[in-house]
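Working from the sequences, and respecting the hints, build out all of it.
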Amino acid sequence: MSSVLAFSIFGVQWQFLKPFIVVGLAFGSVYALSGVGLVVLYRATGVLNLAFGAIGAGGALIAYWILNHTSWPHWLAYTTCVVFGGVVNLAYGMVFGPAFARRDPLVKMMGTLGLALILLGIMAWRAPIGGAFARFLPLPSTSHIYQVFGTSVNLTQIIAIALAVVLTLVITIFLRVTKLGTAMRALANDREITATLGVPARRVEAAAWFGSGLVCGAAGLILPDLLTSLDYSALTFLVIASLAAALIGRLQSLWVTLLGGLVVGLVQAVLAPYTSVTQYRSATPFVLAIAALLVLSRRRVVSISRAQ
Amino acid sequence: MTVRKAIVAMALPVALIAAAVLAAGAASSTAKVGTGAAGTAKCGLGNGKKATGTPIKIDGLDMLIPGVDFTTVGKVAAAYFACVNDNGGINGHPVKYTLYTEQLNPAQEAALARKMVQSDKAVGIVGNTSFAECGTNWKYYKSKGYVVIGAGVQAECYSTPSYVETNMGPRYSNIGAAQALIGAGVKKIAIASPDTISAYADSGVAELGSQKGVQVKIFPTHLPVTDATSQVLAMYQFAGNGNGIMLDFTPDTAPAFMKAAISLGIEPKVKWGSSTPIANTLMAAQFPQFDGNLWINQEFSNVDPKVGPDSALMFQILKKYAPSIAPQAFAQMGYMDAKFSTIALLNIKGAITAKSYNLAVRSLKDIKTDMLCKPWYVGNALPYHIPNNTDITVDYKSGQVVVKQGCFDIAPVDKQLTQTRVWEKKYHLN
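Line by line, the protein sequences are chains A and B.
Everything in the first sequence is counted per this note's numbering, starting at 1 for the first residue and increasing by one.
Everything in the second sequence is counted per this note's numbering, starting at 1001 for the first residue and increasing by one.
The set of hints was computed from the structure by calculation and includes no laboratory data.
Keep in mind the model is a prediction, meaning the values are calculated, not measured.
All C-beta atoms in this analysis are idealised placements derived from N, C-alpha and C, irrespective of residue type, glycine included.
Please note that the accuracy of each hint is not assured.
Restricting the straight-line Cα-Cα distance to at most 30 Å, the calculated cross-link-like pairs of lysine-lysine (DSBU-like) are [what the hints assert, rightly or not]:
| # | chain 1 | residue 1 | chain 2 | residue 2 |
| --- | --- | --- | --- | --- |
| 1 | B | Lys-1415 | B | Lys-1397 |
| 2 | B | Lys-1188 | A | Lys-18 |
| 3 | B | Lys-1271 | A | Lys-18 |
Stretch-level coverage of chain B by chain A, calculated; a stretch enters the list once three of its residues show a Cβ under 8 Å from a Cβ in chain A [stated by the list, open to error]:
| # | region |
| --- | --- |
| 4 | 1122–1129 |
| 5 | 1225–1239 |
One side of the interface only, derived from the structure: several residues of chain B facing chain A at Cβ under 10 Å [stated by the list, open to error]:
| # | residue |
| --- | --- |
| 6 | Pro-1066 |
| 7 | Pro-1220 |
| 8 | His-1222 |
| 9 | Asn-1347 |
Here it is as structure tokens:
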């Protein structure tokens, strides 16, 4: 059996690639999770939230503070991290959502960039990097390690993958079978007509902001553990990978977004042992997003020519 | 379904997973390695009188980017100058030290250099540390006759006349750590540095490896680090059991790799080397798993007040003037930058101007301190300076940093170091 599996992929033995696949799937799941949160919000409100990473980082820093500077229980720290995402997202949506409702998607997006920069500034002020230490936000689940197909997998990695799949499934069902989900989809198609038909647009949008914020908080809780450090700048800019996943899903399809996130994470990790390309791994989200956009735009041209 | 129910429905999976996460979790060495004389060190004149004269302008420029904060050097230099000002200043004149930060933007670095020299009219530049500033500004400083006393990182800090550094920088520190690892018997070394300095910082180890028959593989790393686990895994797969992995990162970044190594269970399987920055007790306390298995090249003496008077004074200064900064290698750099600058200022006879100050800096030689293995110097008209080229190896032990190997010469794998040692003897610099 072992001889059957002793093949190599571009010079790296399969045996050595397996741990990278695990790491990549775990990271990819969080990218996917965040991507799904971005898509849900975009579909309901037309806002592409660039502050996703910064909000998650803020929640993680608060959880870190609770764990290290208070005697409060751990569950409270983790819950606060998740709820912080929901509350900040909701607050932004309620305060700035109506003001930006009639503006271009680009203007709406730039508004969230402002939120990201404000949060970054607050984090730099209240929790500066430097000194002689680093921050960590380890989850207790990481110490549970299992052997799967001959490679080690920890429970946090399993949770990350499960959370991405379960949440995508739940949101898909929710959007299809619930009144609120239908209202969200209707808003995405035409806000004015939907509101005219009696749908409480602001309440529906509030639900989207809050729900997407909870997802953001959950990602902020899991990512520092996978990153093995609580670096708020790294967390903030990981929104790029999530955006790539969302773009691969054309800001429409939750399942393609899930797949896109997994592929981004997987490719990024699996390139690590390949010396010639390893230092370009950080470009993976851009490359895959651009490739996806090119393929999709090509398809569109074909469909238009057919229509003509 | 009401909005409230919907929110609960969306929150439920998140809460369930959070619950699953929760359920799952139901001798410091005092070896004296320095060159300082026994006794007590003092800030400047050390007379306890507050300086009230016309301020002397000194400026500094440190890099501050996501993942790397070099402002510790400048902040400790500022603390030292504050202590000088409380102790008579420079013959009654306080030092007014202004620290600027830059974000690896060459235009910004160049503009700030011109601001410090032309607009602020600083007589000297002290405490600079950056991945790129030496390369951007050395020609400008040379044209203005300035010699910056700082802590270097990139090649131009050690190959141009405009800078004299109190540290030896990552290239020589990495070589020192590699020497220690090779001495410990490793046959392969995987080394990682930030990609912006990797070519300079890691190539010395590669050259040493080829001389000693040790395989070396370089892993340039983009900051901030976003997948330490994959990288550590790749480094381990190259090195293999019993061989060496070297980290060349600041305490902001190195812990991610160390945590990843622990979570992968590989920390006891290889020998770990590092350049200076992680030689501090906070890191030692955070990572007991690495006790006895680290070969950290420490460019200075061990960070311990018992080492000698300068070390003791640094601890006192940090406590009084910069309590938020932990004693560490970057603090030693800032302390020495300001101390040596103060010596130059006090050596000036007559008016303190940019010309007289930088001339005084060039005249510095045989400056003894317990923080360095050999006396420090600048040396008149040298085309470049590497005055710190002998150091020690340290390790973690029970939350402390301990000396593993006393002072040794960094292997001269390049011409600059060979030539430096020739100058040291020829001009009696130390």
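Against the structure, the hints come out as follows:
1. With a CA separation close to 36 Å, the supplied pair Lys-1415(B) and Lys-1397(B) exceeds the 30 Å bound.
2. Restraint check for Lys-1188(B) and Lys-18(A): the C-alpha separation of about 23 Å stays at or below 30 Å, so the hint holds.
3. A hinted pair counts as satisfied when its Cα atoms are at most 30 Å apart, and Lys-1271(B) with Lys-18(A) qualifies at roughly 24 Å.
4. Counting residues of the region 1122–1129 of chain B whose C-beta sits closer than 8 Å to any C-beta of chain A gives 0, which falls short of three, so the coverage hint is violated.
5. Only when three residues or more bring their CB closer than 8 Å to a CB of chain A does the claim for the region 1225–1239 of chain B stand; here the count is 10, and the claim holds.
6. Given hint, Pro-1066(B) at the interface with chain A, holds; its Cβ is 3 Å from that chain's nearest Cβ, closer than 10 Å.
7. With 10 Å as the threshold, the beta carbon of Pro-1220(B) comes within range of chain A, its nearest partner Cβ sitting at about 5 Å, so the hint holds.
8. The beta carbon of His-1222(B) comes within 5 Å of a beta carbon in chain A, closer than 10 Å, and the hint placing it at the interface holds.
9. Proximity of Asn-1347(B) to chain A is violated relative to the hint, the smallest CB-CB distance being about 33 Å (cut-off 10 Å).
The structure is inconsistent with the numbered hints 1, 4 and 9, although it conforms to all the rest.
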